[in-house]
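Following the hints, put chains B and C in place on chain A, whose structure we already have.
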Amino acid sequence: MLSYDLVIVGGGPAGMAAAVSAHDNGTENILIIERDDSLGGILRQCIHNGFGLHRFGEELTGPEYAARYRKMVMERNIPFVCNTMVLSIEDTDNGKVVTAMNSDRGVFTLDAQAIVLAMGCRERPRGALNIPGTRPAGIYTAGTAQRYVNIKGMMPGKNIVILGSGDIGLIMARRMTLEGANVKAVCELMPYSGGLNRNIVQCLKDFNIPLLLSHTVAQIHGNERVTGVTIAEVDEKFRVIPEKSQYIECDTLLLSCGLLPENELTQAAGIDLDMITGGASVNQNRQTSKNGIFSAGNVLHVHDLVDYVSEEAELAGRSASEYIKRGAVDKKIVKTVSVGKAGGIRYTVPQRIDIYDENDDVKVYFRVGAVMNDVTLTVKADGEVVSGQKKRKMAPGEMEYAVVKKAVLDTMPDAIDIEIVK
Amino acid sequence: MIFDVAVIGGGVVGGLTARELTRYKLSVIILEKADDVAGGASRANSAIVHGGFDPLPGTLKAKLNAKGTAMMAKLAEELDVHYRNNGSMVLAFGDEQDEKVRELYDRGIKNGIPGLSVISGDEARRLEPALSDTVTSALLCTSSGIVCPYDLNIAAVGNAMDNGAQLKCNFEVTDIKSVGDHYVITNGQERVEARYIVNAAGLYCDTIAAMLGDKYTITAKKGEYMLFDRSEGDMVDRTIFQVPTKAGKGILITPTVDGNLLIGPTSEKTDKDDCSTTLDGLDLTKATALKSSGKLNFRKIITSFCGLRSACEESEDFIIRMSDNSPRCLELIGIDSPGLSSSPAIALYAVELLSEAGLVLERNEEFVPTRVSARRFEKLSADEKNAIIAKDPAFGHLVCRCETITEGEILQAIRQNPPARSLDAVKRRTRAGMGRCQGGFCSPFVTELIAKELGIPETDVTKFGGNSKLLVGKTK
Amino acid sequence: MENREMICINCPLGCSLSVSIDGDNIKVSGNTCPRGEKYAIAEVTHPTRTLTTTVRVANRSGSFVAVKTKNPISKEKLFDAMRIVNAATVTAPVHAGDVIIADMLGESDLIATADKE
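First to last, the protein sequences are chains A, B and C. Here the first sequence is numbered in the working numbering, starting from 1 and rising by one per residue. Here the second sequence is numbered in the working numbering, starting from 423 and rising by one per residue. Here the third sequence is numbered in the working numbering, starting from 899 and rising by one per residue.
The following block holds chain A by itself, in its conformation from the complex (with noise of 0.2 Å):
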């Protein structure tokens, strides 16, 4: 059995971050496993631009971004392995087995001191979204849209009308204008979009696509392909209005309805799962229930922007580095504290931090549940306000995040809570 000393599922922008860094940090015999046929997961078909501000300071399309870790993974000769899919990940009392298929080896095993969780999501398909009707072809998530247009150059439909104004949904939009398409419509269940301003305004308002806010589609119509969609305003409770309801003769209904962490490996080893993320419970190095076995990216939690995925990887990858290093022992702990969540918080990453001898400061990432105005960020240690940050705005689309201070982890707290204040 081949061992290596870190193995990483996935080579999309977390993989490869999580890759880099952990090379950078001392750990060499380190494997990508990636399913796809070359590095650089969905950001391959996000031809658009707007990727990078952050982690490259200038703007970059999907496949320029890919490309910057690619040359990184690259020049450290990181080995990685394509076409290959991981089936089982093992924790076993004599190591991590992980087990793997390709066409060239078929089904094998690997033996890793450490392993970085790096699957990135999936998108959210009708199914789960319940729309009644009937089930015809021309019903796409937006993803897929965008695999048949950018990647294929197939066009999905002509007439198109776009449940959910996620970004995706956004930027298929305009894509999808621009070669000819005629969107007729963007529906949104909430009362607010969760999509960036920038979005709304270049692939929507742009076009003079009409952006319909705590609107659904009520019912899909037509037999062999979409012939049309109810759509209609929705109450409070998200039901459908019948009487304000309308028919939309369109070919294609494209969904953009949130993307799901893909964590079918992660809870089959028995990792614990955060029931809101759909990601792996983690501390502040991104470490699992399991030591040894972290998470990053997408497949943590869904990220506003590609930049924090790499910069979260890349923090995972230095984290399995240290593991290693240790000899696959955990580093001493102190105490463990939850992240306690107040004043409309949905969940945070980490969702626990735990306190060492020395500690670092703690960034803790968050989303908010609904949009808020001119609140207050605190950071409580023991109940105990430590920090306020005034915060003009907050919504649902952005990622946000509180730092938990050196200091304050040295007086080794019983409780860190964050909590949002009017």
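By construction, these hints were calculated from the structure, which means they are not laboratory data. Take these hints with a grain of salt, some might be off.
As the list claims (entries may be wrong) - Simulated restraints on C-beta separations:
#, chain 1, residue 1, chain 2, residue 2, range
1, B, D696, C, E1015, 48 to 54 Å
2, A, S387, B, A873, 55 to 61 Å
3, A, D206, C, D922, 20 to 26 Å
4, C, T987, B, R445, 54 to 60 Å
5, C, E1015, A, N77, 52 to 58 Å
Where a beta carbon is used, it is the ideal one built from N, C-alpha and C, also for glycine.
Relative to the frame of chain A, chains B and C by itself:
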């Protein structure tokens, strides 16, 4: 050529009947109006192999259900189809329904059903901890099971074809004429000639019967279902019914052979071409299923769908008899629940009736009863898989990540009998696209494989034949 | 005199901007920072966008390479640019940064953003 037998309808009953006929030296053709077999009632139903306690004693349903269910395990093994003898429970809520449960028990005993007992609510909850506290008693049946209906259907047609039967898809029968010793069947463009006809047209058996001079009236009943992620598949081990009402066997909760959890169906009269789900139907399904168990996690629904059952106005029982007006034609009318459970026995009975009507049965010594499914690969050990991958690297290339389906399995589904020609046909044969992402990742690749194998442009690949094209053109 | 409303795209705040245009005299209000004013003036005088799309690779059947305009181009020329891009083909190998169409519409080079070997 003039076929010995033409089977109209490529559903599970037509498929198994055709297979049964290929045990004899007969030329058999299956005529299917859709692009693929298993498109009607056999595509979307509860996937239950019923114990057989429900039908009224003395009816064909009672007789064929008991016999069919008893045949299912062996048949599934021969055809390499997943079947599980998981047992079932019928739940009672309150005194009145407790009485109904005892009636069902008595009826089951009269029908000769093995493995029946009446148990208390507590005993029911001990066996199935997810059940609601309000359950007062239950009928436990150990002889029932679950099977994937389209899997069985496809395997039956495939095995019939492997044994020499022909399949003609996209052949919607529009007229049948008796000419001397045979019939001429046409779809308006093409003709097929056969000495005997089996009308296994399901929902449309009345239309075919009318062409044979017989009058029956079939209406469609819609049943809406919801399917849950595999993470929920072990919430119950048995199939959980509620005491039946006039509307049917009611809304059940069952694991599927593939490890998902299924709830449904509703029962609503509708048009024969209306396979749409409705907000009311889905809400009713949820509310009724919750009565059996409050543990259902509706966030884990991966899809909802609607199936159509045929309801015959002339009889509540199956009508299986030679036509009154076309002597060499067999009518299979009103095959609703427990049609899937009965299908192996219906096939035997059909051949018996055809023989009585003069069809000469001479054993086909070359008949092979077994078939290897495109889904065999997933059940193999790592060493066995590696032996196959070494010969054919396509089996090492994973295409559907949610259900772990390889390119090799997909190619097998496109190449073996009955060949898959659409995205849904591949999905039904391999489960590629049936998982959590519902084809979001794999469908572009499956489309590419279908196009390559069939030698057609990708823009001509359909979801399920006809005008269900997936793509409208190229970008440039 | 003309008044226009727009949302600033510079940051998550998304300020609602009001712009009044009176000949060369442009007044912006509703902005929180100077970037808002600059953005609004650009939007009413000469709005530009970076075009990202694909170009067919002539010698690789069914293959496309991602491209972008090196600099933003006039917003109203996006569809004219698409017509030019969709008629163009490129011959592999192509590398990110290669100029596919020079000085397209007199506004910007069109460059590859990915490799195609």
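Hint check:
{"no.": "1", "hint": "B:D696 <-> C:E1015: 48 to 54 Å", "result": "holds (51 Å)"}
{"no.": "2", "hint": "A:S387 <-> B:A873: 55 to 61 Å", "result": "holds (59 Å)"}
{"no.": "3", "hint": "A:D206 <-> C:D922: 20 to 26 Å", "result": "holds (25 Å)"}
{"no.": "4", "hint": "C:T987 <-> B:R445: 54 to 60 Å", "result": "holds (59 Å)"}
{"no.": "5", "hint": "C:E1015 <-> A:N77: 52 to 58 Å", "result": "violated (20 Å)"}
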